[in-house]
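A.B. asks: Each chain is listed here by its residues.
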Amino acid sequence: QSALTQPPSASGSPGQSVTISCTGTSSDVGGYNYVSWYQQYPGKAPKLMIYEVSKRPSGVPDRFSGSKSGNTASLTVSGLQAEDEADYYCSSYINTNNLVFGGGTTLTVL
Amino acid sequence: QVQLQQSGPGLVKPSQTLSLTCAISGDSVSSNSATWNWIRQSPSRGLEWLGRTYYRSKWYNDYAVSLKSRITVNPDTSENQFSLQLNSVTPEDTAVYYCARGSYWRFDLWGRGTLITVSS
Chain A
1 QSALTQPPSA SGSPGQSVTI SCTGTSSDVG GYNYVSWYQQ YPGKAPKLMI YEVSKRPSGV
61 PDRFSGSKSG NTASLTVSGL QAEDEADYYC SSYINTNNLV FGGGTTLTVL
Chain B
1 QVQLQQSGPG LVKPSQTLSL TCAISGDSVS SNSATWNWIR QSPSRGLEWL GRTYYRSKWY
61 NDYAVSLKSR ITVNPDTSEN QFSLQLNSVT PEDTAVYYCA RGSYWRFDLW GRGTLITVSS
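Listed in order, the protein sequences are those of chains A and B. Following the numbering used here, the numbering of the first sequence begins with 1 at its first residue and continues without gaps. Following the numbering used here, the numbering of the second sequence begins with 1 at its first residue and continues without gaps.
Where hints are given, some of them may not hold.
In the BS3-like style, the derived pairs of lysine-lysine whose C-alpha atoms are separated by at most 30 angstroms in a straight line are [to be verified]:
1. Lys44/A to Lys13/B
2. Lys13/B to Lys58/B
3. Lys44/A to Lys55/A
4. Lys68/A to Lys13/B
Label pairs and their in silico Cβ distance ranges [claimed, not checked]:
5. Leu110/A to Thr72/B: 43 to 51 angstroms
6. Ser7/B to Ala82/A: 33 to 41 angstroms
7. Gly10/B to Thr106/A: 36 to 44 angstroms
8. Ser42/B to Gly79/A: 32 to 40 angstroms
Derived by calculation from the structure, the hints in this document are not laboratory data. These numbers come from a predicted model, not from an experiment. By construction, the Cβ of each residue, glycine as well, lies at the ideal position given by its N, Cα and C atoms.
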């Protein structure tokens, strides 16, 4: 199965909002609500930020939100802060008990 | 506090078997709600889910379609850990390998990662 499609980069100024897209197919993103988003700093393991499209784990700021429309999921970071500068990856369940990740988006806070 | 501690050699020769172990503290490999996963990351392939093991009255495994013929993920209840074996490795298998706890296809706890280099 092919990786989910994410833009390689995104950017915004402190305080602004930025949205990162994650496009798949009806076999993954469009077919199931098991879309997750991860934040990763260089040299560190990914951290779960959003699961099941729009749910936030305990401890994740409510500045992070997720949504889905058709075959595209989105992660929105509101009120950008310097610490949000990181790589972001989406993932989705795909039929036959497998999982696929997106290629990743580097978020730059200007 | 739940933690995952990875161990294994950092260098594997081509055609040999890559073996990694993930020791669990603060949770159980036999948990009826968690799954235990291996994920790898490389510059060329990005993040790639490899496979998982989990217990729901009996043991189950799922593997990435692309690796199904080469991969085994096994639980070890006596040591409360799980392992990854990847056979017939090539330089393409060079990556940082992570173990992770999962639930409904999300991964809420990750190991620190182990760089595995495949080279003679």
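A.B. asks: Against each hint, give a clear statement of whether it holds in the structure.
C.D. replies: Verification of the hints:
For the given pair, lysine 44/A sits about 26 angstroms from lysine 13/B by alpha-carbon distance, which is consistent with the 30 angstroms threshold. Taking the CA atoms of lysine 13/B and lysine 58/B, the gap is near 35 angstroms; set against the 30 angstroms cutoff, the hint is violated. The suggested pairing of lysine 44/A with lysine 55/A holds, with an alpha-carbon distance near 23 angstroms, which does not exceed 30 angstroms. This hinted pair does not check out: lysine 68/A and lysine 13/B have alpha carbons roughly 43 angstroms apart, beyond 30 angstroms.
A hinted range of 43 to 51 angstroms for the beta carbons of leucine 110/A and threonine 72/B is consistent with their spacing of about 46 angstroms. About 35 angstroms separates the C-beta atoms of serine 7/B and alanine 82/A, a value consistent with the hinted range of 33 to 41 angstroms. Here the CB-CB span from glycine 10/B to threonine 106/A is close to 27 angstroms, at odds with the stated 36 to 44 angstroms. The hinted range of 32 to 40 angstroms is satisfied by serine 42/B and glycine 79/A, whose Cβ atoms lie roughly 33 angstroms apart.
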